[in-house]
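Protein chains in written order, with the numbering used here: chain X, 1 to 425; chain E, 1 to 118.
Some clues are possibly wrong.
[Claimed, not checked] Okay, derived cross-link-like pairs now, DSBU-like style, lysine-lysine, Cα gap no bigger than 35 Å in a straight line:
| id | chain 1 | residue 1 | chain 2 | residue 2 |
| --- | --- | --- | --- | --- |
| 1 | X | 178 | X | 221 |
| 2 | X | 39 | X | 56 |
| 3 | E | 93 | E | 34 |
| 4 | E | 34 | X | 109 |
| 5 | E | 93 | X | 56 |
| 6 | E | 34 | X | 39 |
| 7 | X | 56 | X | 109 |
| 8 | X | 56 | E | 34 |
| 9 | X | 178 | X | 412 |
| 10 | X | 412 | X | 221 |
| 11 | X | 412 | E | 34 |
In short, the hints are calculated from the structure, not lab data.
In case you want the letters, here they are:
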Amino acid sequence: MVELIALLVKFVGVGFLLIATIGLLRFDDSFQRMHAATKAGTLGAGLVLIGTMLSKSSLDSTMMGGMTLLFLILTIPVASHLLARAAYLSGAELAGIGDADDALRDVLKRPEQPIEKQAERLDLQGMTAAAEADIATEVPVSADPVLCDAEKSGFVSLKDVVAPERVRFAAVGDAAPKLARRAAEFAARTDLPLIAVVAVDTGYVDATDNSTETMRLIRDKVGHWLPDLRSLSDDLGVSVELVYEEGDAAASMAGVGDVREFLVLPTDGWADHGVGVATPHATKQPDGLLRVASMHPGPTLYAVDVPRAGPVTVLFDGSYDVWRALDLALVERLWTATELRVFGYVDAASRAEIEQRAADANTPVIFADPELTAPDEALLPEQMVSDAVAVILPDLPRPLRTRWYGTFWQDKISPNWRGDVLVWT
Amino acid sequence: MSIESILGISETLNTVLVLLIIGAFALTALRLMKGPSYADRFVAIDMLTGLAVAACALTALTTGRSEFLDVAFALALIAFVATAAFAAFLERKVAVTDDRFRDNGKQKANKAAQQEAS
């Protein structure tokens with residue numbers, strides 16, 4: 001008799017599973033599919049487990065099956081709630097529900113379009129003709145001849161998107177005063193306000209033996225060059241807003257996440273400001289500088305303290321990020337570029353576009369030989385960067401630490417190369 | 001059909017159940033491939049693990065090895081962590097994409113304002 005009940009329960013369970021998958025296929029939007037998959041799916045799997053426990057009718061399989069069942073019942077509501085929330089926030093389509101009926105409309109912020117559609121529009125290379133036409137009509141044609149030729153070239157003009165409204169400078173370590181001057185000069189040239197951020201990493205301070213003493217050392221050190229930062233505003237006639245923050249240093253440096261903020265960071269150092277106190281309670285030296293770029297949605301420049309003139313190298317991958325960074329560099333004249341070198345696969349249309357933009361910026365441009373490849377341990381071949389003053393990258397080299405087993409991060413761009421790095425991630 | 005005769009072929013019936021679940025796997029895989037949104041794919045993956053738990057339980061019966069129930073338990077554990085991770089990934093992706101597109105929104109607003117003015 002038990003055997004028969006077990007068989008029946010298993011059949012009902014598998015039936016529910018089949019119904020769940022049919023629902024998963026046939027319903028109209030993610031939420032209805034989730035409703036089928038999680039409710040009928042759990043019931044089906046649960047019934048199959050109960051049937052198995054009845055058939056086996058031994059203590060250990062009943063224990064194991066019972067635990068699995070309990071765990072399924074406990075976790076599936078939580079997991080599907082998480083997933084549904086994420087789906088809603090990602091802008092997943094709500095079939096059959098108008099905006100007015102959406103009970104969460106003003107409670108949770110969500111994009112008007114599903115993020116997949118937005119991602120398509122980010123992908124400049126794989127852009128379909130329709131999307132291209134769509135963007136070309138949406139971007140207002142401004143008077144700027146350099147970049148706003150959207151209708152003619154089919155490429156998106158990014159000038160209106162990228163033009164920075166503020167320069168944000170994060171002061172770290174001994175190079176801070178010199179670098180602050182560079183940031184301030186850029187701000188003065190572009191007539192933008194400057195925000196100088198002095199951040200102290202309390203995570204580091206807490207990891208030292210005597211945190212009070214460490215904090216005193218850091219404040220002492222920062223106190224030495226704070227006057228230098230202040231005097232910048234008088235010297236160069238820029239308005240400097242000085243911000244001092246103790247806490248999550250990377251977040252302080254990245255700011256509130258404004259795309260229009262141009263972030264200037266040093267190439268080395270961290271918000272321990274080089275006081276050199278050991279951290280017995282942490283496994284590694286604190287190091288978060290390279291993470292700041294990914295926390296900041298706008299352009300980030302890792303700058304060396306002395307500006308030089310020379311070639312600028314671009315690692316071109318056709319991505320939106322590189323186009324934006326390239327535009328910013330050409331329009332704002334970040335460097336006195338004697339030459340623009342492009343490395344990476346460039347299709348004919350992009351090539352013409354880059355040549356056009358470089359010509360408008362009066363910069364000669366050369367494209368790398370397609371046969372040329374980067375060495376294994378570096379992003380760029382040596383002949384492209386050896387005398388370059390700056391590189392524009394789609395992404396920073398991994399791992400995001402300034403020193404990794406004794407290798408300085410810029411060595412991964414090209415061994416022994418030092419210079420400015422512009423990223424927009 | 002007597003009860004005994006049904007019980008006599010219960011081995012075969014278990015195999016039939018496994019085959020049905022394989023069919024369900026195929027349907028779920030179809031949704032996984034079709035998408036269209038990330039959320040759909042993640043729901044399909046969630047469903048796949050649920051199906052795998054049931055398939056494991058039935059395999060324990062057809063093969064007579066109760067170790068497959070341990071496998072089912074481990075799968076149920078992992079499924080939860082995986083779904084939670086997918087949800088976190090999706091939310092973070094929203095945050096990133098949102099930042100990039102905020103300015104497009106601004107542009108649209110500006111354009112609308114310009115049109116009104118003119």
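To see whether the hints hold, each was checked on the structure:
1. X/178 / X/221: holds (15 Å)
2. X/39 / X/56: The hint holds at about 26 Å.
3. E/93 / E/34: Since the Cα atoms of residue 93 of chain E and residue 34 of chain E sit roughly 20 Å apart, the hinted pair holds (cutoff 35 Å).
4. E/34 / X/109: holds (27 Å)
5. E/93 / X/56: Roughly 45 Å between the alpha carbons, so the hint for residue 93 of chain E and residue 56 of chain X is violated.
6. E/34 / X/39: Given that 35 Å is the threshold and the Cα spacing comes to 22 Å, the pair holds.
7. X/56 / X/109: Violated. Residue 56 of chain X to residue 109 of chain X sits at ~50 Å, over the 35 Å cutoff.
8. X/56 / E/34: Status violated; Cα separation ~38 Å.
9. X/178 / X/412: The given pair, whose Cα atoms are some 25 Å apart, holds under the 35 Å limit.
10. X/412 / X/221: This hinted pair holds, its Cα atoms lying about 31 Å apart.
11. X/412 / E/34: Violated, because 39 Å separates the two Cα atoms, which is more than 35 Å.
Taken one by one, the earlier hints fail for this structure at numbers 5, 7, 8, 11, listed in ascending order.
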